[in-house]
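Novice: Listed below are the residues making up each chain.
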Amino acid sequence: MREDLSESIIESIVTLPTIPSILADLNGAIADPDSSASDIAGIISRDPATTTKVLRLANSAYYGLRSKVSTIKHAVTMLGFNIIRNLVLTATVFDISSQNSISGLFERDMFWRHSLGVGVAAKVVAKEAFPNAAYRGDEFFVCGLLHDLGKIILGQYLQQKFEDALVLSRDESIPLYEAEKTTIGCDHSEVGGLLASRWSLSGEIIAAVGHHHAPLEVSAEQFEYAAVTHLADVITRVKEIGSGGGANPTLDREVWDALKIDKRKIPAMIQDVDNALAVEEFAI
Amino acid sequence: MQQMNWQKVSNGHAKVFVLENDTPIVGFLGDSGDRRRLVFYSDLNSIGMESGELGELSDVIDDLRPEDIIEICCFIDKDKAARASSAPEKS
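For the record, the sequence lines run as chains E and B.
Numbered as in this note's numbering, the first sequence ends at 284 without a single skipped number.
Numbered as in this note's numbering, the second sequence ends at 91 without a single skipped number.
Bear in mind the hints are in silico, worked out from the structure with no lab data behind them.
A quick note: this is a predicted structure, and the numbers were derived from the prediction, not measured.
One should not assume that every hint holds.
[What the hints assert, rightly or not] To spell it out: a stretch of chain B is covered by chain E in this simulated footprint if at least three of its residues, at any positions, have a beta carbon under 8 Å from a beta carbon of chain E; those stretches are:
1. 22-28
2. 39-51
[Claimed, not checked] Here are some chain B residues the structure puts well away from chain E; computed CB gaps all over 12 Å:
3. ARG36
4. LYS78
5. ALA87
[To be verified] Just so you have them, the derived chain B footprint on chain E, three or more residues with Cβ under 8 Å:
6. 231-241
7. 250-257
Backbone N, C-alpha and C fix where the C-beta goes; we use that ideal spot for every residue, glycine too.
Here chain E stands alone, though its shape is the one from the complex (with noise of 0.2 Å):
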């Protein structure tokens, strides 16, 4: 009852984009057992914008292949269809904002840094949290780099209620997440969450996106891509790299707790996260 009440005050607050053409037919094709790669490249190719930042994604050194793709085909078959996957949704959702500055307390490009920064952290966080998961680094990643979903949404479709966030948030100090409840009446990671569920997108992106400033609230089958995301976005805020917009967001020390990470381990995770984000072209 609460969530449905929830759901129904964002959607009267923010009308949310439907899921982009692209992205729905591509999720159809994947769900398919018959596809091939020719199919989903075919889907993909049908937009030469998305297509291009795909490529540009796909041939990052995060990704490392040893020779560069210049075709979507062959993209495909290198990192396989759930890669290619949130490649598409990584540049589908950050193609929403037609903004480049939000007064300047919000900057496209300094936000792109921020969540790329939490994207890399919460791979280094969760290699340290769930050491046996190691195959699952690319999901936590995408999980970082779309978290901030809804600061995309609010900065597009409530640009001057999301601008008043940003001087409260700034002015008194306090995380966005609250000066948005107070401006907006729900936050972010509400919206963001709401959009990924309707957007039929993977339980993981949605808890991440909906709850890494609560990751006490999700069920325990996604507790651990929340709470990753949690953290690796506190320690992206305080390493300040890029910038997410407004005061940080506090560490919640239940969510610690439960990560089990040990403390001695904190400065070369740190340093990971340096190392890794040197390295990095991953650009948009």
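Take the given structure of chain E and dock chain B to it, following the hints.
Specialist: Relative to the frame of chain E, chain B by itself:
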């Protein structure tokens, strides 16, 4: 002792941290010979005095709060970067 941000003191920066057991200590990042060193002291007045020295980060890390460890590591990096960018270029 209440101190929100790192404060410039003598040849370095200092900040009060509250340990897990609610004991306040002071972190001091300053010059020690030809290198930069982070040392923790029992209070502000003990900075530089061996008698008040509690040790380096590795000596107190188990007692610090995780958010403070994150903040300390990031501040050390920031200090290092600031010093590297302001260092005179060698001819």
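Novice: So, for every hint listed, does it hold in this structure?
Specialist: So, going through the hints one by one against the coordinates:
Note: the stretch 22-28 of chain B has 0 residues with beta-carbon separation from chain E under 8 Å; the three-residue rule is not met and the coverage is violated. Note: the stretch 39-51 of chain B has 0 residues with beta-carbon separation from chain E under 8 Å; the three-residue rule is not met and the coverage is violated. For ARG36/B, the condition that its CB be more than 12 Å from all CB atoms of chain E holds, with the nearest at approximately 15 Å. The beta carbon of LYS78/B is not kept farther than 12 Å from every beta carbon of chain E, the shortest such distance being approximately 7 Å.
Look at ALA87/B: its CB is around 19 Å from the nearest CB on chain E, clear of 12 Å, so calling it non-interface holds up. Only residues whose C-beta sits within less than 8 Å of a C-beta in chain B count toward coverage, and the stretch 231-241 of chain E has 5 of them, enough to reach three; the restraint holds. Here's how the stretch 250-257 of chain E fares: 4 of its residues keep a CB closer than 8 Å to some CB of chain B, so the rule of at least three is met and the hint holds.
In summary, the structure is inconsistent with hints 1, 2 and 4 from the numbered list given earlier, while agreeing with the others.
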